[in-house]
Amino acid sequence: MAVYEQTYKRYTGKLTPDWSRFLIIPRHAYESIFSSKLFTAFFVICFLPLLLEAILIYLHHNFTALTIMQATVRDLIPIDNTFFRFWTYLEGFFAFFLALLLGPPLVARDLRNNALPLYLCRPFSRTEYVMGKMSVILILLSMITWIPQLLLFLFQSYLQGFAWFKANLWIASAIVMANIVWILLLALLTQTISALVKWRVVASGILLGLFIIPSAFAEIINLLFQTRWGSLLSLGALMKSVTDGLFGLFDRVTGTIAIRDFDDNVVREILLIEPPLWCSWAMLFFVCAVCLAVLSWKVKAYEVVK
Amino acid sequence: MALPASVPEEPIKAQLASTEPPVIDLHGLSVSFGRRQILKNLRGDLRGKAIGLLGPNGAGKTTLIHTLLGFHQPSGGTAQIFGHDIKHDANKIKSLIGYMPERDSFIAKMNAVHFVRLMGELSGLPPEAALERAHEALFYVGLGEARYRRLETYSLGMKQLAKLAQAIVHGPKLIFLDEPTNGLDPPARQRMIKLIREIRDSGHANIVLSSHLLLDVEECCDEILILRDGQIAVYCNLEEERKSNRKFLMLETRGDQDKFVKALEKLGCEYAVSGHRLKVVLQEGVEVRDLYRLADQEQVQLRRLSYKRDSLEDIFLKAMENGDGRL
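Protein chains in written order, with numbering that gives the first Met the number 0: chain A, 0 to 305; chain B, 0 to 326.
Hints listed in this document are in silico derivations from the structure and should not be mistaken for laboratory results. Being a predicted model, the structure only gives us computed values, none of them experimental. The reader is advised that the hints may include incorrect statements.
To be verified - Among chain B residues calculated to face chain A with C-beta under 7 angstroms, some are:
hint, residue
1, 68
2, 70
3, 74
4, 102
5, 104
6, 117
7, 125
8, 170
All C-beta atoms in this analysis are idealised placements derived from N, C-alpha and C, irrespective of residue type, glycine included.
Based on the provided sequences and hints, a complete structural model is requested.
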């Protein structure tokens, strides 16, 4: 079917492997995403905390620089699991805003323009479609979360020595796991909202609301019933527990907490029993399962009216 | 009045004998949405180069196409496309077909080249080949000059052509066209029909054309499948119908028509009465002069006598009247 011939001919050339087809979606998506200068600028800003993290690691091992700055290693934050958890939180924050910008139109735009039959009439399944759309977010968020942090972990290991690397290898797995859980949750939530709401602004608002409203609700429950179990409703609190757990910093409060006034007198004592870590994991799995169920219901070539 | 049967409940065997597997082979295909049965035990093998899918609204045309494309699961039976089962070889089938949906379908914020290229890549073409063929397909359908424009800015006719381009970019063996001329003005419709006929005549692809417009089907298709209430009402080879020597005569009479009609019946002719008009199918051995003789005998004037081929409209209307697969 050459331009000059203007006739219909079959394609008889080589085909791409089936497993790689879902990657076509992110490749084409990035073409339009990075055509926006504003987005590109924000994406670059997302790397600034990582640069700061790299500088801090470097300073720990550069005595000349410390001398110039008239500081000692003790003045710096120690590089341990708490250090890496802090940067995981910070980058997670940026990842959230990136997902907020990227996610909402991905599926919604296809649903609004009836594009799903065009995808699904090809050797391209619904699962591949969802994987493709999710990978638009997953790949980009990976680039600002676990990949650079893992590189910084290796940088620290290189400067500190093999013994440190061997002793703290578990931190590397915590970095990868905590970030992947977070970006997977973000990808699933944004795709689900995108599949349910056709308007970008509304979808972004709902995503923001999903983190703010249940958190406020959870705090009200915690205050009213003097418990910590309400935190299971807050996605932010769930992620905090899970991340703390992975970094070995989850401290389950199971005892009385004294409420003191300004003069340090005990006003009253509250018995607080924090939900165990597995409850947070279970809730996250539940949220992910609901998202997958909604996606399976909504991502169809055509809605069937029964 | 019973006219020759064309499609009963039995499997349809195409008149063109071939060792190739049929384009579409229906094995008791049924589809239900909840309690509603949309397609009921469809059977038959379709072998035409261009198969027209006709039927009134709600007959099940689009559901049949969607089921063959794998969008709906059959509730009973199955179907095969080029010998591949729709239940088990869905991916294989999808790599052989192209689909032009009825509704406005496109991917927003893309120009036509980008859109068609993406569709090509999703069909398995490597990026370079997809880009090359996207340009070719857009030139082929007549959107060469507008190929860098965003799809949102296209007119309805241009969107239809872009949909056709995405359906053929990967060079499929079978192309499903669902109402391709919907909303097109006469010149655009003519262009679409011309393209469909060109693809058909190229011999590189079979076409299934679903349309409400009988003229479109008549101009493009060599076989027709008429659905009514989810069942096959008629399946026939239009070419064969056209070539058959079953001659239809249109008569206009004056006088005692009842006597004339009874005499015709005695001759073994089949007929249909509509006021003073009679439609008669001559049986073997009966000549036109026999009709003049009968008219003279029954004192009936023959005001007009003309030969008339059974048009697609007649076939369609009869199918709607009988609904039992008979012509």
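Hints, one by one, checked against the model:
1. For residue 68 of chain B, the interface hint holds, since its Cβ comes within 7 angstroms of a Cβ in chain A; the closest pair sits about 5 angstroms apart.
2. A cut of 7 angstroms between beta carbons decides the hint on residue 70 of chain B: the least distance to chain A is about 4 angstroms, and the hint holds.
3. A distance limit of 7 angstroms between C-beta atoms decides the matter here; for residue 74 of chain B the minimum to chain A is near 12 angstroms, and the interface restraint is violated.
4. Interface restraint check: residue 102 of chain B against chain A, minimum CB-CB distance 5 angstroms, threshold 7 angstroms, status holds.
5. Given hint, residue 104 of chain B at the interface with chain A, holds; its Cβ is 4 angstroms from that chain's nearest Cβ, closer than 7 angstroms.
6. The restraint placing residue 117 of chain B at the interface with chain A holds, with a minimum CB-CB distance near 5 angstroms, inside the 7 angstroms limit.
7. The closest approach between the C-beta of residue 125 of chain B and any C-beta of chain A is roughly 6 angstroms, which is under the 7 angstroms cut-off, so the hint is satisfied.
8. With its C-beta approaching chain A no nearer than about 4 angstroms, residue 170 of chain B sits inside the 7 angstroms limit, and its interface hint holds.
Violated hint: 3 only; the structure is consistent with all others.
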